[in-house]
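Protein chains in written order, with the numbering used here: chain A, 1 to 418; chain B, 1 to 1010; chain C, 1 to 96; chain D, 1 to 202.
Take these hints with a grain of salt, some might be off.
[What the hints assert, rightly or not] If you want a taste of the chain A side facing chain B, the calculated C-beta under 8 Å gives, among others: (1) 129; (2) 211; (3) 267.
If you are wondering where the hints come from, they were derived from the structure by calculation, not from laboratory data.
Quick caveat, the model's predicted, so the values are computed rather than measured.
For glycine and all other residues, C-beta sits at the position ideal for the given N, C-alpha and C.
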Amino acid sequence: MAEYSVFSLIKNALNGHKSWQRAWRDPEPKPSYDVVIVGGGGHGLATAFYLAKVHGIRNVAVLEKGWLGGGNTGRNTTIVRSNYMLDDNAHFYEKSMKLWENLSHELNFNVMFSQRGVLNLAHSDGQMDRFARRGNSMRLNGIDAELLDRKEVKRMVPYLNYSDEARFPIYGGLLQPRGGTARHDAVAWGLARGADRLGVDIIQNCEVTGFKRTGNRIEAVETSRGTIGCGKIGFAVAGNTGYLASKLGMKLPIESHVLQAFVSEPLKPLIDHVVTYGAGHFYLSQSDKGGLVFGGDLDMYNSYAQRGNMETIDHVMRGGIAMVPSLSRLRLLRHWGGVMDMSMDGSPIIGKSPIDNLYLNCGWCYGGFKATPGSGWVFAHTIAEDEPHPLNAGLRLDRFERGHILDEEATGPVPGHH
Amino acid sequence: MIRGKEQQPFRISEGGEIERTRPLAFSFDGKSYTGYEGDTLASALLANGVKLVGRSFKYHRPRGIYSAGPEEPNALVNLRSGGRQEPNTRATQIELFAGLEAKSQNRWPSLALDVMGVNDLASRFLFAGFYYKTFMGIPGWHFYEHFIRKAAGMGTAEHVSDPDLYDKMHGHADIVVVGAGPAGLAAALTAGRSGARVFLIDENDKPGGRLRSERETIDGKPAMDWAASTLAELEEMENVTLLRRATAFGYYDGDTIAVLERVSDHLPVPAPFQVRQRRWLIHAKKVLLATGSTERPLVFDGNDRPGVMLAGAARTYANRFAVRPGKHAVVFANNDDGYRTALDLAEAGIEVRGVIDPRTGGQGPLKEDVIAQGIDVVSGAIVVRTHGYLGLAGVDIADLATLQSGAMPETRYIPCDLLATGGGWSPNVHLYSHQSGKPVYDPAIAAFVPGESRMNDRSIGAARGRFSLGDCLADGYTAGQESAEALGFTTGAVADIPSTDEQATGPLKILWQVPALPGRKGRRFVDLQDDVTADDVKLAQSEGYVSVEHLKRYTTLGMGTDQGKTSNINGHGVLAEARGLDVSEVGTTTFRPPYTPVAIGAFAGREVGRHQNPVRRTPMHDWHLAHGAQMMEAGLWMRPQYYLGKDEPNSREAMFKAIERETLAVRNAGGISDVSTLGKIDIQGPDAAELLNRVYINGWKTLAVGKARYGVMLREDGVALDDGTTSRIGENHYYMTTTTAEAGPVMEHLELHLQVHWPDLDVKVASVSDEWAAMAIAGPNSRAILQDLFPQLDLSNEGFPFMGVREAKLGTFPARIFRISFSGELAYEIAVPAGYGEAAWERCLAVGESHGLVPYGLEALNILRIEKGHVTVAEIDGRVSAADLGFGKMMSSKKRFVGDALSTREGMDDPGRPTLVGLTPVDGTTRIRAGSILVEDPKAPPPVPKLGHVSSTAPISPNVGHPISIGLLKDGPNRIGDTVWAVFPLKGEAVQVKVTSPNVFDVEGARLHG
Amino acid sequence: MLYIDCPYCGKRAHEEFTYIGDATKKRPDGAEKNDPAWVDYVYTRDNPRGPHLELWHHGLGCREVVKVLRNILTHEILGAGRPADDIPLPETETKP
Amino acid sequence: MADAVILARRSALAGILQPGDHGANRFDGPGIHLTERTPFSVVQIEARADTAPALADALEAATGTAPSLTPNQSAGTGRPRILGTGTGRWLVVEPEHRDLAAYLRGALPDTVAITDLSHARTVLRLSGRDTRTLLAKGCAIDMHASAFLADTSRMTGLFHAACLIDCRSAEPVFDIYVHRSYAVHLFEALLDGALEYGCRIA
């Protein structure tokens, strides 16, 4: 398959775009695979890609019930960061960040990873102290972080509300300069193309409907396109993990919740960074197309519906205007919802399951997009080696019964609060 | 006004809904024009002969007014200026007002000469998704992105604040009717007559919908007469609310319709006290969606030229606005609307030079009428290309069959400045789809119509593909009546449905894309706003982006401000053809709210600025403000941080001086602080002690009346939730206090457990946080002050020991006095009914003046408690256990309590977990910052193993004489006396610290018990 | 808006309530501290893709806890009652 | 001793509520009339569910007003008025003229939880032509005259503050009980929303 480059682009432009090939094949499923990955979102595709690339396991199928990247990969707010405090999260997300930094090259597909900086605003001394603790932990873990005071924040983002009218004044902020955004759909497409080029079969419109079990093993998956045998099987289905697990009689520490996202009408460059409001739930960036992309808090009740309600919308918009008053007259173009697999401590679960050849990758809460390459990388390792990598050893499923909780937000076993 | 007429060369002298007696001056791109009241900006521009109004998103191609409604892809302008500037505003929906100012967008230096128009020449390189295939090299995407971002975007916004107000309103209705076209008016009429509460919502300045744009009749009279009389009847009904200029933009759960009412957008500025816009949420029992339909463009070579316009829009401009959108017109349509358009344009005095109809054979009476008027009708033909640059100059037409056979047809050039074009109509199924409704394809109209209703909604009229006026009226009358009856209202006899005189129409010919001339590389735009061509769609398909969602995301089809109102179905049709499928098989993308873009301010309403969230005030709030308090936010509360003297400036030095002054006063004389924000819960009933036993880690069965006890609560997972004191003030009566932050959660915690888990307990809880004002008086002189306040009380250590509780009168009103201490001093807390709070506070200060009593704020309070190693939310941070805080021994093993079970898990029970300690700089002077991390070796390379962190610090501790802090350190109790490093790499600092007990002041507690 | 029929206050918009969570989890009062029932109670969830019994606290109303049966795929509210009430699935099939 | 000073019970709105006409000057007069009812007594009484009817009887005996066992109903004309706030739970309210809590403690059996909330609530009275519209701005419940009847009350959120709204008459006249710490916030929100109708503060 042809490489993408400025030369191929010119060549094709001159010949009328007749020789572009499919970005990925559309194969019929084989009777069985060494590894079947359920879920053709970013995580499933990244897992297949790294299984093939790093571990040489190429007899792999990715089963997607709809269209590639149609879940949260295609409906998130595209933020990439590794500004975590707890070690197990920090090391994992930083690995992901490092993969992001080379991902376009690795895939030969421009995922538009834009390291424009992620700034979290603080609105009290106590919040500044918490940010300091997080930033210091990041530095000690080798992750970039800068603590800005009010003046420095104002210099960087002069358009925030610094007036006396602000209900919650800005005290300062924590900046991760390497954080930023990426073009979410491109990540799915680039990974699909990359995995496909290494021999992975990507099978769309193939819904898993059941499992064939022998003892404590899954022999095959039953799908809308027939039964497909599997040596090993990995779930990367985010909000639908609980549903698939229930078909295996498994209960997980996961609830599905809806998170809404929003985009404004397109505008000339207005916001150059990713900025988050600290006295409410609101975060903001501007896409390359010009739309302001923003989001807020969960709708706070279990949901599998990919749409949310007005109470949360109002809450988000209030936060937005509180942070950036000039948003008031700009217009909301579209809003939608994604189904979040909220784990009970707010951190992901990647590892082995109680079933011998089943591996779990779930519990992403609303942090799954930034984890995409890292998640695939460690999940591929876990599947290939039948053993978690040190980077995901702390993300095991049994941490709940063992009491090794990874509660980054410190809000307890209430999924809606993470 | 003669002047207005002269300036409006395209205005028809009679007819239309405009007020010719009310001319309005306005400007576009700095040039002045005149229109009339009743115009939109679009109609006024057309009246003045302005055809070029914008540039397209990607190729910066010249674009004109394309439609007459919310579907407008091209005519987006920057409206108004300064704080009221609104980019991307559709000229087709802006009602003209005096002094209106608009500017074109996405062009430089001017609309006619746009440098970025060079993109158009390079368009073969800027095909769909080109950016995914390049810009990957040195210096990286972020570099290229800078230029791409500047080229992209549409309108320009600035960081200026909005001077206008927004409002929010709730409504409740039996029946909400969305859209006041013929179907909606008819439905509202029959529903309204039944007495049902009806909301009729319409996005225009006045009801009528398409009736305003057509020359139809009802009962033999102009259709608008019927609309006017219907409206008059509706306005008389008290049970009917009509919202004009109101767009129902979203359909939410619970049959809630979200509406944006543009209260003042048609005015130069809102009237005094009036809002700009009002966002409604209307809860309905039934929803009738009379949302009409949108005309589809035809996709042909050069279909984006200014002067190419939807046929229905051309009729609107001619009929409603009395404007000729051109002088010489060609009509190109795949259905009988083409003939209707030709007739209307001819009536308006436009020379119609041909009706191009791809169909062959007879189509019925409309065509006959057109031929009878001598207009050239070319059947079986298509427009294969347009000519002109900044405006249409003419079209080439050719025979369709010849083209489809693969041969090169002869073309004929027709000069014209208006090409009215229509590809049929698509029902507006947006609101239906917002609640996951699945539209189904109707091949008869080549469009998607609503499928099964998931909510209590029903689509009527054109919104469900019933396009004839008669059908719309019948649908409306019937639906209004049936909906009212289903809700139990009586409607009596079926109303007579008025008659119409429509002509029969023939079937349309599906034409998702008009074939191009062989060998011509012209562009056929599917999405006018985002510059997506039919070839882009085919390229995406050939690269495997075959799902409609992939198509949308890869090509940006339908991603513009119009959300693909005119483009989606054509795009999907082209995709279907490329895939060899039927449109019904490729489906549609999901329609998302809002139907048309909504100002963000409308969602915030009045909750902006300092009203973003409620402010909670303590009973002594005004006193604090009047006495130099610098207030700070504590959640929703405002609390004094420190108090400045009368003439002290609010400087950093003065702040430190004030904090030191207050801290010393407490330790040396007396201080008083406002602790009214603490949560307070009244607990009554024989099982009150049992409840306390279950929610606190320590035992409560032995607490005597008149005594208080400190307690710690855990969450069910074993993590500390909150701490506070609870007092027994009667046999079966307790008074619990919580921290300020956890007051709400603790109350909910108690209610949940009592109602769900332990309903057998005979105990009631009630929040009394607002009932009691509370103040802490601390310091060596506090007993003397209390004695002056309460001469009747025995305040000796024996008479009123530490953790004692007394009730007494302060003057004439009741007070509760608690001998508890957060500062480690001899201290009391006094609670009085809130209405007496300020009086009691003033009384304390008056009495205490001679004892050196001063008010102290949160900063001093913080230093005092750190000196004593007392914890706050900085330590109880949602991750620590009771044992981590040094309360391990408090955890009773004789009873069960919330959180005990999961506290025993290995990870929670690990003795190596970080535990509360005190931390003092080894050099005795260097300040330790909160948020520092404790490490063994400050020079170790990352990743550095962490031993814990510094949670609270005081840069000055005037009582101890050096900076102090507390924090959590691994294996803390065994490391007392050791030194570790507190590092703060964010500022490149590392401080060697000695590990101490958390309590570094008056360790024996002599003061407390003094 | 979700409209929840509070047994005391009547039908109210969900913004008056705080969502508590899965109502099928019974607190294992009396279970030994090391009993796995505690981990199950606090952490594991059925998370069904359909009707879901759940608790909402009417904090801006009567402050009572309301048990709600709600289809979490469609957000349709199928019933509501007090915590101890048995709320059966309605006879008519719920919409998918 | 300056007991006279101490006796002065201070309203949360002291110094905030400015008597006079505010906002639009409408030819038909201000659409909203707003006053504070102060000083005011508010006492919550709560029974175990199975003793609610017995408590209702005892309450009637003690106050002369029979509380309704039907949810959301108010009873009595004012001295006192009894508002249902939950299953087996009522607020007994009246203009302050005695120690109501102490009186009820003496008059009711000790199986009843009695909590004095007189100082915990600020009571605003809203009346006038546009009252229901104003309330609909900040509250999701149905304020229409056919839905919110006289002598019924609702506990709900009004401009994000927990409130008890008591409809005194269809006229309309509403008493609003808000938590004291939120009183200024609620007042400001109400006044802000009322300016377009004209607001007379007495």
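Query raised in the report: Hint check: is the beta carbon of residue 129 of chain A less than 8 Å from a beta carbon of chain B?
Result: 4 Å, holds
**Report entry** Evaluation of the interface hint that places residue 267 of chain A against chain B, nearest CB under 8 Å
**Finding:** Holds, because the Cβ-Cβ distance from residue 267 of chain A to chain B comes to roughly 5 Å (cut-off 8 Å).
Query raised in the report: Should the hint that residue 211 of chain A touches chain B count as held when the rule is a Cβ pair under 8 Å?
Result: Residue 211 of chain A check fails; min Cβ-Cβ to chain B is 26 Å, beyond 8 Å.
Checked against the numbered hints listed earlier, the structure breaks hint 2 alone; every other hint is satisfied.
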